[in-house]
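Sequences are here, hints too, so could you generate the full structure?
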Amino acid sequence: MSKQYEMVIGLEVHVELATKTKIFCGCSTAFGGEPNTHTCPVCTGMPGSLPVLNKQVLEYAIAVGLATNCEITRNCKFDRKNYFYPDNPQNYQISQLYLPICRNGHVDIETENGIKSVRIHEIHMEEDAGKLIHDDWYDASLVDYNRSGVPLIEIVSEPDMRSAEEVIAYLETLRNTIQYLGASDCKLNEGSMRADVNLSVREVGSETFGTRTEMKNLNSFHSIMHAIKGESERQIDLLESGESVIQETRRWDDTKECSYAMRSKEDAQDYRYFPDPDLVPISVSDELIESILAKQPEMRLEKKKRYKEEFDIPEYDINIITNSKHLADLFEETVSLGAQPKKVSNWIMGETLKLLKEKEMDPEDISFSASHLADLIKMTDAKEINSTVAKEVFEKIFFEDVDPKAYVEEKGLKTENNEDLLLEVAKRVIEANPQSVTDYKSGKEKAIGFLVGQSMRELKGKADPVAVTEMLKKLMS
Amino acid sequence: MSKLKNEILSMTALELGSAISSKEVSVREAVEASLSQVEAREADIHSFVTLDAENALRRADEVQQKILSGEITSPLAGVPVAIKDNMCTKGLLTTCSSKILGNFVPTYSSTAVERLEKAGAVVIGKTNMDEFAMGSTSETSAFGPTKNPWNTGHVPGGSSGGSAAAVAADECFFALGSDTGGSIRQPASYCGIVGMKPTYGTVSRYGLIAYGSSLDQIGPLSKNVSDCVAVLSEIIAHDEKDSTSVDYDITALKNALDGDVKGMKIGVPRDYFGEGLDPEVASAVKEVAKKLESAGAVVEEFDLSLVDYAIPTYYTIAAAEASSNLERFDGIKYGYRTKEYAGLHDMYKKTRSEGFGPEVKRRIMLGSFVLSSGYYDAYYLKALRVKALIKKAFDDAFAKYDAILGPVAPTTAPRLGDSLSDPIKMYLGDIYTISVNLAGLPGISVPFGVDSKGLPIGVQLIGDCFKDDRIVRLAYAYEQMRGEFPTPKGGIE
Amino acid sequence: MKNIIDDATIEYVGILAKLSLTEEEAEQAKTDMGKMLDYIDKLGELDTSNVEPMSHAFKVQNVFREDVVSNGDDRENILKNAPEEKDGMFVVPKTF
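These protein sequences, in sequence, are chains Y, X and S.
Residues in the first sequence are numbered from 1 upward in steps of one, following our numbering.
Residues in the second sequence are numbered from 478 upward in steps of one, following our numbering.
Residues in the third sequence are numbered from 971 upward in steps of one, following our numbering.
It should be emphasised that the hints constitute simulated quantities derived from the structure, not laboratory data.
The structure displayed is predicted, hence computed values, not measured ones.
Glycine included, every Cβ here is placed at the ideal spot set by N, Cα and C.
One thing to keep in mind: the hints can contain errors.
On the chain X side, residues computed to face chain Y include the following (Cβ under 8 Å) [unchecked claim]:
no.: 1; residue: S587
no.: 2; residue: Y683
no.: 3; residue: I686
no.: 4; residue: S691
no.: 5; residue: A797
no.: 6; residue: Y825
As structure tokens, this is what we get:
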């Protein structure tokens, strides 16, 4: 390759809002559920049905806008985007084109190259589509409208990103911000956060943009990284061979790791947007903005600062814990129940992250209660259980949220601290292993390890190894 | 105790309600009278798409019980009503007079129908209309035209032609219609009955199958102004299911029926009396003005302006909204689906091309075009701007007048088959009704008399937004002065 | 007629509106649409440069519902009118 190219990337990120009901009707947004059981005349486009806006959708959209430094559009409205597709029951989607709720914002992202600002063009509210299930056996597709009408915000960035790393950093920043606000759980694997990537390439140093393509259907950081790599290479190859890039929408195929054009004569891509006459304009008052600001929780930067001041834990731990609102909440709740911050942090950084990684789970998937972790820490502090038992109990808490007190009681895992029993066992072990005793006495400190191990085995692991070691030393001195 | 069928049929809705309440007539007798009249007249008039005789009789007995137990006390309790076939009725076929909804049985009712049924009115069936309310004659119905009870060689008007004809032919005591550009007022005028489009937003549109959402409004077609108010009193209500629904206090409306119009100011637009207005209709308007003047109202001529721009504005906006509103008819969730197709888009196109009639397709094509890339600003936005000017012209007029008096339509009912050949000519017939919808205003059509051909002439009163009581007050006062209106003799010319 | 609608336009609008017209219908549509647009062009006589487009005839704003689940499982009713149904879902021609 003779020339040096750079990528120019803009993102359209769809985020499902964490409302209880859909954007325009009182149907549940709960994930799962038998097909079409969360539907009504409104979200299935029945004749004569009419939409009424869920106020929480507006409030979440404004909250995200404020947290991403956007201007809030004080007089905004909804438009219809007209296109025929079976997952879209009215054959128009209610969205916002002319007056989106938020405009002209930015977020700061951090990569190896430092901090950079990515501008946000706009954020608009819209409804999600239903789900198409392809039935090969029946040679047809089936439509489930449970997701139809689930509220979304679409966050449209300016073409400010220049690498896949910046894209990931931007997405992580957005995800973190929105999770902190509680506006969405942003789970990529369940589709509550998904991205369309607008990408073009140009020679380094060029001021003008190349022709861009839009890639849809990206629902994991992995596929976003691969799609960016694949598409930029495809475009560079085209330019290098003297061909030109066509402006088009392409679908990323995660399994084949390549994109293909979604062109069809029947997709005119002329959406005939116009203001939806069934919905009335929205006027956003100062009071509404103030009340949303007042409800705005502590965001990550503030939290990091506070942790540094309040808790004696390493900065690395603070970074990891605050990167997930869920982890931070768990940490703070456990601490508030009386556990020592450093110990809580150790449980999170150690066993918790290990299990998350093993099970390929997100921190958001954690479902155990802080009180059980706090109890576990208290029990180890009081030497009621030893560290090996504690790890075993923690796994039970992590997966089944068991009550550690009841569990230890039921399984008889409590540390044996009966001095007489310890003495009796230590004596027996010393008698049975004269060689080790001789070794120890002749200066081989290590030999005591074997004796401790034997004692612990006799005590079925339910003793404090430190106490056992001391007892042995006393007897052998 | 039992009254004769003809005696029952000659009653107004309120008279019947009162006779039912005083046990002179049973609900069953009332419903049976209506059903037997339908049986007698349907072959000639064809007001109905669907008759629901069995359920109506069952409902009659239910309502009778509730009246006797005191659970229902509405003055319309037990009165038979017909519903335009673009309002959803739970368990009852709702077709919009279109093949594409030829088999659609809603599982929910429109709010207006629900409210009437709660008040004890008995739905006897669904009335014929122009397909999807697109037309002014009821001839675009996929199920054949309705005929004017005054002369079956003529149209009843439209699009609520079935509702108007059913009331005029005594097949029911009142009916619900919808009015997007005159679709209640014009057929009421052609059929010699009262028809009112209240202020936009006062009656919920939930369950009304949309044509032009920003213009559509449900309203009553009735034998007189008192019945009209009685119906409005039941159906006007704020509805949480319709974002455009407003909270409107009907006290003034109910108090408007005392004949007192002293000092009220009426404007008659000079620009309504231009080319194309039938002289008999023009003189009817002037006669009504004189009558109201004699009762103490002040009548003035004035220039409304922009009258000629209402029709192009209306057809741009209505067609655009319709093209989008009718996208949901795609053969997937309900209604007609074509039999053979190759793939999704072929299924869409065949279903819709076979399911919609020519006038509906004409408006969908126009609407899709005016919204399409490159034309949106020039056509659609331009129309929305002119709409603002038209609204302003009315605001100026209502700063001076309590009501505007004018014709409903340029002529009386045309002959069957005369209108469809030239769409623009048909659209021109909406000139006096259409701007009322653009501006969201209330309008009422009241019968004046008959022309030299024996066909009814109506006049129209237009009011400011939420001043529905003022036009009702004037309409009632005029009706009292006019006296008994003749009933159709029928026949064919 | 000032507005001449060509075959390509009718075909394009047909794609947008999902209508396929017969040759005869297409010819009629060209004439009808041309005439209507000529008529609508009358609006060009008015100066609207300082006029805001009006979508709603009068000011009603901020109509909301609270975020409370009010609908239960209504699948049976939702599917009642479906031309074709399978496993509680609407059947459509295969899409990709």
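Query - Index of numbered hints that the structure contradicts, given in increasing order - result: none
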